[in-house]
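Colleague: Each chain, written out:
Protein chains: 2
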Amino acid sequence: MKRTKIKQLLESGDAGSKVTVKGWVRTKRGSKNVAFLAINDGSTINNIQVVVDVNNNENEALLAKIHTGASISIDGLLTESQGSGQRVELMAENLIILGEANPDEYPLQPKKHSLEFLREIAHLRFRTNTFSAITRLRHSMIFAVHKFFNDKGFLNIHTPIITGSDCEGAGEMFRVSVFDPKNPPLLEDGNVNWKEDFFGKETNLTVSGQLEGELAALALSEIYTFGPTFRAENSNTSRHLAEFWMIEPEMAFYDINDNMDLAEEMLKYLVKYALENCMEDLQFLSKRQQEEESQKPQDQRSMELIEKLKFVLDNDFARISYTEAIDILMKSKPNQKKQFQYPVEKWGTDLQSEHERFLVEKHFKKPVILTDYPKEIKAFYMKQNEDGKTVRAMDVLFPGIGEIIGGSQREENYEKLLNRIREMHIPEKDMWWYLETRKFGTVEHSGYGLGFERLMLFVSGMGNIRDVIPFPRTPKNAEF
Amino acid sequence: MKRTKIKQLLESGDAGSKVTVKGWVRTKRGSKNVAFLAINDGSTINNIQVVVDVNNNENEALLAKIHTGASISIDGLLTESQGSGQRVELMAENLIILGEANPDEYPLQPKKHSLEFLREIAHLRFRTNTFSAITRLRHSMIFAVHKFFNDKGFLNIHTPIITGSDCEGAGEMFRVSVFDPKNPPLLEDGNVNWKEDFFGKETNLTVSGQLEGELAALALSEIYTFGPTFRAENSNTSRHLAEFWMIEPEMAFYDINDNMDLAEEMLKYLVKYALENCMEDLQFLSKRQQEEESQKPQDQRSMELIEKLKFVLDNDFARISYTEAIDILMKSKPNQKKQFQYPVEKWGTDLQSEHERFLVEKHFKKPVILTDYPKEIKAFYMKQNEDGKTVRAMDVLFPGIGEIIGGSQREENYEKLLNRIREMHIPEKDMWWYLETRKFGTVEHSGYGLGFERLMLFVSGMGNIRDVIPFPRTPKNAEF
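For the record, the sequence lines run as chains A and B.
Counting in the working numbering, the first sequence runs from 857 upward without gaps.
Counting in the working numbering, the second sequence runs from 857 upward without gaps.
Honestly, the hints are just simulated from the structure, not real lab data.
Note that the coordinates shown come from a computational prediction; the quantities given were computed from them, not determined experimentally.
One should not assume that every hint holds.
Just a few of them, taken from the derived set where beta-carbon distance is under 8 Å, the chain B residues facing chain A [as the list claims (entries may be wrong)]:
(1) 878
(2) 957
(3) 962
(4) 992
(5) 1013
(6) 1016
(7) 1054
(8) 1071
(9) 1129
(10) 1282
(11) 1284
(12) 1289
(13) 1333
Quick look at which bits of chain A chain B covers, simulated, 3 or more residues with Cβ under 8 Å [what the hints assert, rightly or not]:
(14) 947 to 960
(15) 1082 to 1088
(16) 1292 to 1304
(17) 1325 to 1331
Straight-line alpha carbon distances no greater than 27 Å define the calculated BS3-like cross-link-like pairs of lysine-lysine that follow [claimed, not checked]:
(18) 1295/B / 968/A
(19) 1008/B / 1166/B
(20) 1051/B / 1285/B
(21) 1038/B / 1057/A
(22) 1128/B / 1008/A
(23) 1295/B / 967/A
(24) 1295/B / 884/A
(25) 1128/A / 1008/B
(26) 1038/A / 1285/B
(27) 1008/A / 858/B
The beta carbon of each residue, even a glycine, is placed where N, CA and C say it ideally should be.
Just need the whole structure built from these sequences, with the hints factored in.
Modeller: Rendered as structure tokens:
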């Protein structure tokens, strides 16, 4: 018989029908006459309860071999459940063990494991409630991103992962090479002869698809990228990964206000999609977070997850300039009382996470979009304002996360862009293609980047970025 | 006024309404009293015709500065078109030049450019009919892949790009490192001390997400990957890229027949999606292909593109074993007449593209799925058949393309898998996590890989893989 997924059985299976279920045993409990197996197949956070008659020699022998982690197949009769907390349960008629799991060796036992331990067995953590809930939620967010942009007529562009340009400027890069690492070919002056490498030049892993994304937008109007990006930075924190996924829309004919509107609309769409499509997983993750935080003093606990998500939907994001933000921060209590680790003393300083969180969580009590930052602390490609001091940057700040989106209107004026490239000592000759889009049919345009794992932290309520991506890449760690 | 996309105006704009259009000039034609500008904004293959009154000094001066490639904004009145081939055209009332394009410098003139030339200006080729049609089609295929799997309850998994394992076995790899290339730290024995590199070990770019995908499937039942993969092979052909995108579904509880059913269903879904959502672009690409092939002798021309796509939908794929295929090939005319470059002489030889195309295009005249290949020519993870000689591999062969999908049922038996790993000298210690999934709750499972650019070649009718990805990466080429 064709197997039916457990999600489907629990939601709409007809009591009285014969079905086949396949999955992995989460727990086994016994009473005098029957054994209860909780079976999960990953289609839902919920297990189906399988009831096995013990007064049957064959079953008894099988049950002795069934432990947590074993895979089994059950043909049986779906019946209304008396007390398992589910609508239906399965009365086993034919039980087959597909694969055993020796309880002395299998690392996932029915007890609470630490997240740190689960990272060490990332090949098996998909089999836990927490990580399966996160993986389903992550899938839903991936699909929602594509659906949001597709429905609006944006085109997904695959920008290159291996890049020959090192002017993306967003951070340290990983080199990509096929040279014998001990004996790379050298030039007469002792430098490495990159012309002999695979691509005929020095190449790295991309830190952003933005520059190539702009090329496509300046022909096709509205595009987005969704791909892996890389930072070779030795940051061993709960917020940094060496390999992470970014979503980068770029839109011709958008100014910074259109850009902010799109970012706010997208974030609300994604949060709404999660609430409408992943409620059971969100409820589980909420409970998990509350248990974890029950140790903390009341005032350090996060807002309940689902309440927090609804809060984003219900409020317009505050929109203020960097200059206004500095003003608020300088006058703020924590700044006056010297409670910030980095005191805010003058216009021009870069904002730290503590400042961003103060604005969002204490001052405005909702998401905030900051605009018009000093040009010195922002990238070369941002459009310069008439004041000569600021650029049309925009950062979206979220509770608990800080910056979740960074973007800007792009400088579309050839001369201004070229000057800025020269001022900032960016290798001009590597940028010919980027500059040419401002030379031929240039238009006002804007875009932003959303770090996908930052979004995942927000919607899942998890505290460490290594727990929202299947196989995290961090300093000294590329296992699996 | 908010701009309206050209696609929307051409499809459903009301004659008599005032609208704003923004886009790039494709051509400018003039007559005594009016000028005609063909404007494109990337939302559709079709241009909107803008009619400008020349008997107006302001317009005359502007028109003198407008050439192919310039970006303009037009407010005007949408009117029923008399003869432009479109339903509506735009009578310009207010014309603004956003960005000029000097005709002496702008490389894209209104004439036929070679595909080779366009690759050299990949930053601008999005502005051509051919490449914008391909990009819209590529987006539609990306979205269709996600929609197909999402609707079936599959979860998208982001498998790692940087991998510490070199046992994926699909080809030569690119090394990823942060070492100073001239002076990597050495061990006493003279070898490179990888422990000091960023990840504490030697790392490469992935050639496949399959092994990690299996880990997820063996907990969540049905998953798929869709990400970039890499081959450091010096293949300068029209069929190979160093960086390309792969779709790799992995399914627990699927045998090889379920696997074939899914592959056939998916390919038909994607082709149907293209026909239903991209007809105008397909018609353009079909015409393009026919013009290109009009030079060739009749018997070397491809089937017309749309006819070819419908042909895939209308026919069940032939399913035969490798052994049957060898039999057919050995008895075939081209083999008897020694017309194959690689004669088929005995069971066990690997099939070449010419053999695959003979089976598909000449013998069966429809897509073919070949199964049960000799184990010697297939990967270690494929499930061994009872005959001891073959494995449950399956390759889907398409007209014009050859292999478009490669997959198999996976070996789920721990002992058999371990033996095969040892026989093939795959470093066992690096595979502990993969092996453990066969130790704990193992189940029958299957999967396959679809090279996304191979699919794009098929649905677009293009001949060179460098023309179906925005920024191709090939030997000696990582520009943009």
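Colleague: Now tell me, hint by hint, if it's right for this structure.
Modeller: Hints and how they fare:
1. The interface hint given for residue 878/B holds, since its Cβ lies 5 Å from the closest Cβ of chain A, which is under the 8 Å cut-off.
2. Interface hint status for residue 957/B: upheld, as the beta-carbon distance to the closest one in chain A is roughly 4 Å, under 8 Å.
3. Evaluation of the residue 962/B hint against chain A yields a held restraint, the C-beta minimum of about 5 Å falling below 8 Å.
4. For residue 992/B, the interface hint holds, the least distance from its beta-carbon to any beta-carbon of chain A being 6 Å, beneath 8 Å.
5. With a cut of 8 Å, the hint placing residue 1013/B at the interface with chain A holds, because the nearest CB-to-CB distance is about 6 Å.
6. Nearest Cβ of chain A to the Cβ of residue 1016/B: about 4 Å, under the 8 Å cut. The hint holds.
7. Hint on residue 1054/B holds. Least Cβ distance to chain A is approximately 6 Å, under the 8 Å limit.
8. At about 5 Å, the closest approach between the beta carbon of residue 1071/B and any beta carbon in chain A falls short of 8 Å, and the interface hint on this residue holds.
9. The closest approach between the C-beta of residue 1129/B and any C-beta of chain A is roughly 12 Å, which is over the 8 Å cut-off, so the hint fails.
10. Checking residue 1282/B against chain A: minimum C-beta separation of about 16 Å lies over 8 Å; hint violated.
11. This hint is violated: residue 1284/B has a C-beta 16 Å from the nearest C-beta of chain A, more than the 8 Å allowed.
12. Interface restraint check for residue 1289/B: the shortest CB-CB distance to chain A comes to about 4 Å, inside 8 Å, so the restraint holds.
13. Satisfaction of the interface hint for residue 1333/B is found here, the shortest Cβ-Cβ separation to chain A being roughly 6 Å, below the 8 Å cut-off.
14. Given as covered by chain B, the stretch 947 to 960 of chain A passes the check, having 5 residues with a CB less than 8 Å from a CB of that chain where 3 are the minimum.
15. Coverage of the stretch 1082 to 1088 of chain A by chain B holds. Counting CB-CB distances below 8 Å, 4 residues qualify, and the rule asks for three or more.
16. For the stretch 1292 to 1304 of chain A, the stated coverage by chain B is satisfied: 9 residues place a CB nearer than 8 Å to a CB of that chain, which reaches the threshold of 3.
17. Remark: the stretch 1325 to 1331 of chain A is confirmed as covered by chain B, as 5 of its residues place a Cβ nearer than 8 Å to a Cβ of that chain, reaching the required three.
18. Taken as a hint, the residue 1295/B and residue 968/A pair is honoured in the structure, with Cα atoms around 22 Å apart against an allowance of 27 Å.
19. Our distance criterion of 27 Å between C-alpha atoms is met by residue 1008/B and residue 1166/B, whose separation comes to about 24 Å.
20. Among the hinted pairs, residue 1051/B with residue 1285/B is consistent with the structure: their alpha-carbon atoms are about 17 Å apart, no more than 27 Å.
21. The hinted pair formed by residue 1038/B and residue 1057/A meets the criterion: a straight-line CA distance of about 15 Å does not exceed 27 Å.
22. Proximity of residue 1128/B to residue 1008/A is assessed by CA-CA distance (about 21 Å); at most 27 Å being required, the pair is judged to hold.
23. For the proposed pair residue 1295/B and residue 967/A, the alpha carbon gap of about 21 Å is at most 27 Å, so the pair holds.
24. Proximity of residue 1295/B to residue 884/A is assessed by CA-CA distance (about 19 Å); at most 27 Å being required, the pair is judged to hold.
25. For a cut-off of 27 Å, the pair hint linking residue 1128/A to residue 1008/B stands: about 21 Å separates their Cα positions.
26. With a C-alpha separation of about 25 Å, the suggested pairing of residue 1038/A with residue 1285/B holds against the 27 Å cut-off.
27. Between residue 1008/A and residue 858/B the alpha-carbon distance is near 15 Å, which keeps this suggested pair within the 27 Å criterion.
In the structure shown, a violation is registered for the earlier hints numbered 9, 10, 11, in ascending order.
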